[in-house]
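Undergrad: Listed here are the chains, written in short residue letters.
Number of protein chains: 2
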Amino acid sequence: MTELNSSNVVVLCGGVGAAKLLQGLVKVVNPEHITAIVNTADDLSLHGLHISPDIDTITYTLADEINPETGWGLKEEGWRAMDMVTMYDGIDWFRLGDRDIGTHLFRTQRLSEGASLTDVTHEIKTKWGLKVNIIPMSDDPVRTIVTTAKGEELNFQDYFVRLSHDVEISEIRFEGHQTAQPTPDAIPLILNADMILIAPSNPLVSIAPILSINGIKNALQSRRDSVTAISGIVNGQALKGPAKRLLEELSYEASANGVARIYRDIAGTFVIDSLDKSETNRIEKLGMRCIVADTIMTNSDKAADLCRQILSDKMNLK
Amino acid sequence: MTELNSSNVVVLCGGVGAAKLLQGLVKVVNPEHITAIVNTADDLSLHGLHISPDIDTITYTLADEINPETGWGLKEEGWRAMDMVTMYDGIDWFRLGDRDIGTHLFRTQRLSEGASLTDVTHEIKTKWGLKVNIIPMSDDPVRTIVTTAKGEELNFQDYFVRLSHDVEISEIRFEGHQTAQPTPDAIPLILNADMILIAPSNPLVSIAPILSINGIKNALQSRRDSVTAISGIVNGQALKGPAKRLLEELSYEASANGVARIYRDIAGTFVIDSLDKSETNRIEKLGMRCIVADTIMTNSDKAADLCRQILSDKMNLK
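Chains as they are written, first to last, in this note's numbering: chain A, 1 to 318; chain B, 319 to 636.
Isolated chain A (complex conformation) (with noise of 0.2 Å):
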């Protein structure tokens, strides 16, 4: 384990389930050699706040001060500025608590005094006292928009929270992603990085975004053998979320095989559930190396051991 222990981790995240996986990966290995590299195209401009959904769910996972009850926000949570937006008639579908709006407070005003999204990130990590590396995937904003089949137009977290998701998508797009610069440390860390994983989040909304910036596909198309993927797409559905709906009306297959062929050009190794053991030929014949295990995170000890797996697995290749 100690070969383990020392390597050099990187992991594409999302939110909730990248959080789980890394719940897991921070039991196999040391913290510090960790680096999560966190899509913010789902981050939103709401009353005047910089807000990182993804960002923050990492960081409160980690410090063990998520709400268990959602998977979002804090625990022991206040609501008092929010049922004063509410009184006043305002925008009060995106649910912020007392003690989430203290980090946005915090985000917003370094921001404004010049620092950059990588900065304050780690600021906030670093008061948590957390040791994993947690870096946004730019300083530059990169803004998912999602078309309906009726032709409108809509912010991300319109469509994920206002909408609950429930409304037919024909396209989805990453604004500002052409002039986007990754975070500095990005390319280098996954240029040298013993590993990389791309955690079980969404591919089309939370991976997808990741990798339209500048350079960043390009890196772990030199790493392919290094990059493992986990579907997040586990006997035809999604475990959270509306990715098994989007990965339908996009026409991708909404199955683990589905998902494989999204990232068959920049990861070598792919990750199925036990129960989709039968598709391991047809991923196999996407020319990736296929792992069964038992991918569903109900804690962080089973997350621990899917990612002690992965990683035996890779220190079993060298």
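If you want the footprint, here are the derived chain A segments under chain B, 3+ residues with CB under 8 Å:
{"no.": "1", "segment": "46 to 55"}
{"no.": "2", "segment": "75 to 83"}
{"no.": "3", "segment": "86 to 94"}
{"no.": "4", "segment": "122 to 136"}
Hint data in this document are derived by calculation from the structure and do not stem from the laboratory. Even glycine gets a Cβ: it sits at the ideal position worked out from N, Cα and C.
Here the structure of chain A is known, so what remains is to put chain B in place on it, guided by the hints.
TA: Same frame as chain A, now just chain B:
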């Protein structure tokens, strides 16, 4: 009293002193006939939020929601957001309670949507059920900048809150006032009011910014006979805040007479406290009528008595 009740009264307002006066005035005059034109030069942007301290103090006081112990902020407040900002080593000297933050979230969002400060101030006071017309002096940014004796320039709240106004000042200016326009209704309301009051707010940092806005001073001069100013200095002392010290540092006389001299061009009548009765002659020599009254508003009944005396005096003049 019927005649009093139906008068149209405009009040130039800072924060706490003006709020106390208005609490009395609404007992004497139909609130729908009262307009508060409020200083916004001590507004600030902090944590991404647009904060309007004087407007909020007046709104919360009239809504009977002000924190009676501090004179600012809301009662039944929580501090979870601010505690988080403290945890992050953020800016926590400007104390924002959780409920109060709700007001700033709503205001900032509405401004970002294109609403004017006048619009959103109206929306907020309406939600609190207030009939008094509360308007900012201007929808344009005007910011009080103080220069210390050592030559350092400070934003007003840095001086007032962070440094507890415990520093010597050599100059006060209102950045942006040259190009700021008064909120659209301000000048018509002044020109058509039955009576205009200048609240016993700080003449140099609460009332002076209002007077600095294009057209307001001229409008008041044209209505000088209908303008009554109330001294915020009693027995050589400010009831609250740094007015005494500021007057001295900027070479004004820290007395009722000193304040009267500041207002002599725009106010035909000046109200002094009984304790300052001996100043009557000096003030009358400035060409102002002088009303001697009990001006210390320890509760809203005493404030109402003061308003009744001031307005009755006006009516008797007719």
